[in-house]
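Visitor: Model the full assembly from the supplied sequences, consistent with the hints where possible.
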Amino acid sequence: MKRFDWSMMRVPAVVFAVGIPAATFAAANFLSAEIGRSVFVGGVMCFAHIAAGFVILELSFHSTPTSFLKRVLGGMGLRLAAMLAVLVALLKTQAFHTTALMLGLLAWYGLGLVFEVAMLNKKVTMKQLMSDEQ
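Quick note on numbering: my numbering labels position 115 of the sequence shown as 115, and the sequence is numbered without any gaps.
With a Cα cut of at most 25 angstroms, we get these calculated BS3-like pairs of lysine-lysine:
{"hint": "1", "residue 1": "K123", "residue 2": "K70"}
{"hint": "2", "residue 1": "K122", "residue 2": "K70"}
{"hint": "3", "residue 1": "K70", "residue 2": "K127"}
Because the hints were derived from the structure by calculation, they are not lab data.
Guide: So this is what it looks like as C-alpha coordinates:
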(Lines of atoms letter the chains of each structure in order from A and count residues from 1; the text may use other names and numbers.)
(Lines give C-alpha, C1' and ligand atoms only; values in the text may rest on other atoms or scores of the structure.)
Protein backbone atom coordinates (compact mmCIF):
# COMPACT_ATOMS: atom_id res chain seq x y z
CA MET A 1 0.00 0.00 0.00
CA LYS A 2 1.21 3.50 -0.82
CA ARG A 3 2.33 5.83 1.94
CA PHE A 4 0.24 8.94 2.44
CA ASP A 5 1.81 12.37 2.81
CA TRP A 6 -0.06 13.38 5.97
CA SER A 7 1.72 16.75 6.18
CA MET A 8 -0.92 18.36 3.97
CA MET A 9 -3.67 17.42 6.44
CA ARG A 10 -1.97 18.99 9.47
CA VAL A 11 -3.19 22.55 8.99
CA PRO A 12 -6.82 21.63 8.15
CA ALA A 13 -6.89 19.18 11.07
CA VAL A 14 -5.64 21.80 13.53
CA VAL A 15 -7.95 24.50 12.17
CA PHE A 16 -10.99 22.24 12.39
CA ALA A 17 -9.92 20.76 15.76
CA VAL A 18 -9.75 24.26 17.23
CA GLY A 19 -12.47 25.91 15.15
CA ILE A 20 -15.27 23.39 15.61
CA PRO A 21 -15.25 23.44 19.44
CA ALA A 22 -14.75 27.23 19.50
CA ALA A 23 -17.64 27.89 17.10
CA THR A 24 -19.83 25.35 18.88
CA PHE A 25 -19.09 26.93 22.27
CA ALA A 26 -19.81 30.43 20.97
CA ALA A 27 -23.03 29.41 19.23
CA ALA A 28 -24.28 27.35 22.19
CA ASN A 29 -23.53 30.04 24.78
CA PHE A 30 -24.54 33.16 22.88
CA LEU A 31 -27.40 31.78 20.76
CA SER A 32 -28.82 28.39 21.79
CA ALA A 33 -27.74 24.81 22.40
CA GLU A 34 -29.65 23.67 19.30
CA ILE A 35 -27.73 26.13 17.11
CA GLY A 36 -24.45 25.06 18.73
CA ARG A 37 -25.24 21.43 17.93
CA SER A 38 -26.01 22.36 14.32
CA VAL A 39 -22.72 24.24 13.96
CA PHE A 40 -20.85 21.26 15.43
CA VAL A 41 -22.45 18.74 13.08
CA GLY A 42 -21.80 20.99 10.06
CA GLY A 43 -18.13 21.24 11.01
CA VAL A 44 -17.75 17.49 11.50
CA MET A 45 -19.45 16.78 8.16
CA CYS A 46 -17.15 19.20 6.35
CA PHE A 47 -14.01 17.83 7.99
CA ALA A 48 -15.04 14.31 6.97
CA HIS A 49 -15.57 15.64 3.45
CA ILE A 50 -12.06 17.14 3.37
CA ALA A 51 -10.47 14.01 4.83
CA ALA A 52 -12.17 11.85 2.19
CA GLY A 53 -10.95 14.25 -0.50
CA PHE A 54 -7.42 13.98 0.84
CA VAL A 55 -7.57 10.17 0.73
CA ILE A 56 -8.86 10.21 -2.86
CA LEU A 57 -6.14 12.69 -3.83
CA GLU A 58 -3.41 10.55 -2.30
CA LEU A 59 -4.71 7.30 -3.79
CA SER A 60 -4.95 8.74 -7.29
CA PHE A 61 -1.64 10.66 -7.22
CA HIS A 62 0.44 8.09 -9.10
CA SER A 63 -2.13 7.43 -11.85
CA THR A 64 -2.16 8.95 -15.33
CA PRO A 65 -3.25 12.61 -15.60
CA THR A 66 -6.60 11.68 -17.16
CA SER A 67 -7.30 9.04 -14.53
CA PHE A 68 -6.17 11.43 -11.78
CA LEU A 69 -8.62 14.08 -12.94
CA LYS A 70 -11.48 11.58 -13.27
CA ARG A 71 -10.87 10.21 -9.79
CA VAL A 72 -10.57 13.61 -8.14
CA LEU A 73 -13.62 15.15 -9.86
CA GLY A 74 -15.65 11.95 -9.61
CA GLY A 75 -14.71 11.66 -5.97
CA MET A 76 -15.86 15.22 -5.42
CA GLY A 77 -19.25 14.39 -6.91
CA LEU A 78 -19.58 11.28 -4.76
CA ARG A 79 -18.55 13.16 -1.62
CA LEU A 80 -21.09 15.91 -2.28
CA ALA A 81 -23.82 13.32 -2.90
CA ALA A 82 -22.88 11.58 0.35
CA MET A 83 -23.00 14.89 2.24
CA LEU A 84 -26.43 15.61 0.76
CA ALA A 85 -27.69 12.17 1.81
CA VAL A 86 -26.38 12.66 5.36
CA LEU A 87 -27.87 16.16 5.49
CA VAL A 88 -31.31 14.95 4.37
CA ALA A 89 -31.17 12.04 6.83
CA LEU A 90 -30.22 14.38 9.69
CA LEU A 91 -32.95 16.88 8.88
CA LYS A 92 -35.59 14.13 8.60
CA THR A 93 -34.63 12.19 11.74
CA GLN A 94 -33.07 14.71 14.15
CA ALA A 95 -34.23 18.01 15.58
CA PHE A 96 -31.64 20.39 14.14
CA HIS A 97 -32.02 24.11 13.65
CA THR A 98 -32.25 23.98 9.85
CA THR A 99 -30.98 27.48 9.11
CA ALA A 100 -28.06 27.17 11.53
CA LEU A 101 -27.12 23.78 10.11
CA MET A 102 -27.18 25.06 6.53
CA LEU A 103 -25.29 28.28 7.32
CA GLY A 104 -22.78 26.42 9.46
CA LEU A 105 -22.31 23.86 6.72
CA LEU A 106 -21.82 26.65 4.18
CA ALA A 107 -19.22 28.41 6.33
CA TRP A 108 -17.30 25.22 7.14
CA TYR A 109 -17.49 24.08 3.51
CA GLY A 110 -16.08 27.42 2.32
CA LEU A 111 -13.16 27.05 4.71
CA GLY A 112 -12.66 23.43 3.69
CA LEU A 113 -12.72 24.36 0.02
CA VAL A 114 -9.76 26.68 0.56
CA PHE A 115 -7.78 23.81 2.08
CA GLU A 116 -8.87 21.40 -0.62
CA VAL A 117 -7.85 23.72 -3.47
CA ALA A 118 -4.48 24.31 -1.79
CA MET A 119 -3.91 20.54 -1.43
CA LEU A 120 -4.95 19.90 -5.04
CA ASN A 121 -2.70 22.70 -6.30
CA LYS A 122 0.27 21.31 -4.36
CA LYS A 123 -0.31 17.78 -5.68
CA VAL A 124 -0.74 18.92 -9.30
CA THR A 125 2.46 20.97 -9.05
CA MET A 126 4.32 17.97 -7.60
CA LYS A 127 2.94 15.77 -10.38
CA GLN A 128 4.11 18.24 -13.05
CA LEU A 129 7.58 18.46 -11.50
CA MET A 130 7.82 14.66 -11.43
CA SER A 131 6.82 14.41 -15.10
CA ASP A 132 9.32 17.14 -16.09
CA GLU A 133 12.16 15.21 -14.43
CA GLN A 134 11.44 12.10 -16.47
